[in-house]
Amino acid sequence: MSNLHELYGRRGRIITDQDAQEISRVEELAYDLKICQVMTSQVKSVPPNISISNVLEILRLGRISGVPVIADGALRGILSIEDIVRAMEKNELGAPVSAYMSREVVSVNGYDPVVKALETFSEYRLGRLPVVDEHHQLVGIITKGDITRGILTALQKDYKEEELRRYRASHLFDDITSDRTSLILRYNIRARDYLNGGQASSYIKRALLRLGASPQLARQCGIAIYESEMNLIIHSDHGGTLRVQIEPHRILMQTTDDGPGIADLTKALTPGWSTATQDVRDMGFGAGMGLVNIRRCVDKMELDSAPGKGTRLLMEILLRPEDRFKEPADPEATL
Amino acid sequence: MTLQEIITQLNLTVLTAPHPPARIKPTGGYASDLLSCVMAGAKPGNLWITIQSHINIVAIASLNDLAAIIITENSIPETAVLEKASQQGVTLLGSSENTYQMAGKLWELGIR
Amino acid sequence: MNTKELAKLINGDILTPEIPLNREIKGGCGADLMSDVLASIKPEAVLLTGLCNIQVVRTAQMADVRAIVFVRGKMPQPETIELATREQIPLVTSPFGMFELCGRLYMAGLHSFETPLPNQDENVQSA
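Residue numbers (the working numbering), protein chains in the order written: chain B, 1 to 335; chain A, 336 to 447; chain L, 448 to 574.
Looking at chain B on its own, in the form it has when it is part of the complex (with noise of 0.2 Å):
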């Protein structure tokens, strides 16, 4: 990738976290878009025959270096200011095209990946290529800069789709009205499911960033209701319910099954202790470290169970200043 690197460069400065992530989405681009999409598909070209002082007006009209040459529909050679150089010294600015052009033209498919683009600038050490189709035919030339600009609008529209969504989740209270506005997310989780396990706590996890909570508030979240979607399945005879409750001063999580139940609420709670089965303590769980850890990350939490009852376990977060969903302003707050 070092193609790349050169265009985007790191200039000697340090990459920062932002940098890194914004680097590697040009990588996947380079490898998502395709050639023909950022290449300039109105291209000037010129036939063999005419004279070459006759191109060098095109060029200076056009702004460009080069021109393809092109005789019966089919790309014949490039023409480019090097070669009128070439002319000029010699004063033959009156001779053909055919006569200077390169021939040995270096070309790329439209349908390739734009990567494909920059590896043959880099081996050629070229500034344009001219682009053709599956019969050689030409439909557009691009260059470095064609790249750089197609780059940059693909990463714009990324960046735009996202904070879209983040923004219109972000609004959520915000735009509605209500005395107490709540977001109530449920699963069902079923007993004995270790595949999927933690999928529910993963959709909770991204719905709180895109509903605006910072990193911290969603992991600390997250690692709660993981551990709570792990004991439904790990230790629920019938699987249970995970209920989140999000409101713009507090989330609350719930989870609720109808059985086994806990004999021993002070023996759940002692760190290391647990019934969990040798298989599962064999897929890393079960240490008896599952409450403990939920009770670090959680403001309150509420374990309520008996045997053959069932089992509810509340957990509370208050979200601090900072960390408040938005809200409108309270009318009467003003008084």
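In case anyone wonders, no lab produced these hints; they're calculated from the structure.
With a cut-off of at most 25 Å between alpha-carbon atoms, the simulated PhoX-like pairs for lysine-lysine come out as follows:
1. K378/A - K440/A
2. K44/B - K144/B
3. K521/L - K451/L
4. K360/A - K440/A
5. K451/L - K116/B
6. K300/B - K267/B
7. K267/B - K419/A
8. K521/L - K378/A
9. K144/B - K116/B
10. K473/L - K440/A
11. K34/B - K116/B
12. K116/B - K157/B
13. K473/L - K451/L
14. K440/A - K455/L
15. K157/B - K34/B
Since the structure of chain B is provided, determine the placement of chains A and L on it from the hints.
Showing chains A and L alone in chain B's frame:
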């Protein structure tokens, strides 16, 4: 390097010492919290690093003739575990550091 | 160091070729107990683990882990690789055991990214 030297250099807490640590020379290190992996992978005379303080670690160390167990992150075992370790001749050491740091420092001391 | 440099250091094979490998890894953590990881790992670290089930990826996602290294050449199931690819968490498998991995990375200057006390992420980020 003897276990006593390691204890001194890494500032380990001795939880049980049924054999004099100055006479034990660990053959290498092994880190894992999965008991089945330790059963399969740890070699006799190894130092085992884990955060587990469950009673089963004593049986594993004894079955595998491990030099000692270093329990990380101040995860202090219950009295029953300490008693069983003393009975079965298993040396238990404790540290406030985590598994990653402990393995790194042992590696630095030349334990492989 | 980034994931690519890390993989080279531990003779690792990259299992998720579609994910860019240039995000900075700020520290290391070695653990097989997922609750231990969730309790102590700081964001943006590499997780060295002997487990290779799908929950490792979920745990990593919750704890903002930057990359996962499986010890002793362990190979995860295809669905684990798929999930990691979707969640953009690079997976590496290394022939070394946990002890040697910790040792090598520690000696290479990658310091520990586990915190003995939970909820200290704020302090970590300003440090």
